[in-house]
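Guided by the hints, dock chain B onto chain A, whose structure is given.
Going down the list, the protein sequences come from chains A and B.
Residue 175 in the working numbering sits at position 175 of the first sequence, and the numbers go up by one each step.
Residue 41 in the working numbering sits at position 41 of the second sequence, and the numbers go up by one each step.
Just to be clear, a hint being listed does not mean it is correct.
Put simply, identical chains are the same to the list, so a pair is met inside one copy or across any two.
[Unchecked claim] Dumping the calculated SDA-like pairs for lysine to any residue here, alpha-carbon to alpha-carbon at most 20 Å:
no.	residue 1	residue 2
1	K39	S15
2	K39	A14
3	K39	T28
These are calculated hints, taken from the structure and not from any lab test.
Computed from a predicted model, the values in this text were never measured in an experiment.
There are 2 protein chains.
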Amino acid sequence: MEATYRALCEHGYASLRMQDIADETTKTKAALHYHYDTKHELLLAFLEFIHEEFVENLETIEGDDPVTRLRTYIHERLTPHDEQQHQRFQTALLEIKAQAPYDDAYHERLAEFDRRSYAFVHELLIEGIENGTVRSDIDAERVGEFFVTTINGAETRHVAINHPIEETRDFLLGYIDTTLLAEESPEVAAR
Amino acid sequence: MEATYRALCEHGYASLRMQDIADETTKTKAALHYHYDTKHELLLAFLEFIHEEFVENLETIEGDDPVTRLRTYIHERLTPHDEQQHQRFQTALLEIKAQAPYDDAYHERLAEFDRRSYAFVHELLIEGIENGTVRSDIDAERVGEFFVTTINGAETRHVAINHPIEETRDFLLGYIDTTLLAEESPEVAAR
Chain A
1 MEATYRALCE HGYASLRMQD IADETTKTKA ALHYHYDTKH ELLLAFLEFI HEEFVENLET
61 IEGDDPVTRL RTYIHERLTP HDEQQHQRFQ TALLEIKAQA PYDDAYHERL AEFDRRSYAF
121 VHELLIEGIE NGTVRSDIDA ERVGEFFVTT INGAETRHVA INHPIEETRD FLLGYIDTTL
181 LAEESPEVAA R
Chain B
1 MEATYRALCE HGYASLRMQD IADETTKTKA ALHYHYDTKH ELLLAFLEFI HEEFVENLET
61 IEGDDPVTRL RTYIHERLTP HDEQQHQRFQ TALLEIKAQA PYDDAYHERL AEFDRRSYAF
121 VHELLIEGIE NGTVRSDIDA ERVGEFFVTT INGAETRHVA INHPIEETRD FLLGYIDTTL
181 LAEESPEVAA R
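Isolated chain A (complex conformation) (with noise of 0.2 Å):
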């Protein structure tokens, strides 16, 4: 699976043959046709890895609380570690999500992705309603909802026409500070 990663960041998804993964490995590529049929089976398992990485981080995020667990989360996905392999992957990614229409199983893949970055987003904010760190009027799925196609339109701009998805993490902080905060929540109090 990291063999997949580095040819996928090294080659992107359109030329990437299996020779370019075993290439990456101390396998052959025989080997990895053993387990993988073909270069789209092995990109399901490899997608159906990125989502259970993906599903393990987010139990990492720490916090006290829920606001302090959206910025880290929001922090975390939009600050490239490495600007190039960061770009690179992501370009790869893309590449995929322009194939789902073609391919169910992509399809599927992606759609759980979308559902679990949903579903964390919304959670958070829901247990912030809860404890009233934030506003109880917001609408916790509209919010929820825009904060994934928020990150998802960062990301296809910074592949696009490299733009910096630094600039949608300070937006979204700043939108958490300013629109989500309840005017009780301490942290307002405080000010």
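Just chain B now, with coordinates in the frame of chain A:
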């Protein structure tokens, strides 16, 4: 150019052949090649064509004041008139966006589009601040970029997971009402 549009909707970007485009016209493939050496060249001309159409459409957006024009723009950009055709064309566009890191000419055409979308929203916000309909304490650059990013995200999610783009339209229209309108604007005063 219209034949290219139809062929892209029909076949997508990756598997598009010059023959597919010729099939949408009364001309032969040889006649197409007389004007465009390669599929790449034809697609660059096509991107220029839809950019010009986009700019012309922006000029027809009517409305007495900048906020009305911004609402109309969001409405037009995020309402699919023909759901299936819209998604197919957006899919082809997303394929081209995912190719941009490998292709400077695509990158440049897409950047032109992006700059134009941003400039349109940004100018309306500045105009609104100047005539008192938009809050003077918003950062027009930041909000302009946010609109472009979120529209990109709506288009990506529409392609990748079939998420309805109208949801983002409604969110952004709500954002204009609750966050951008000035307290002194006639609309807010009339509430």
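Tell me, which hint numbers fail for this structure? none
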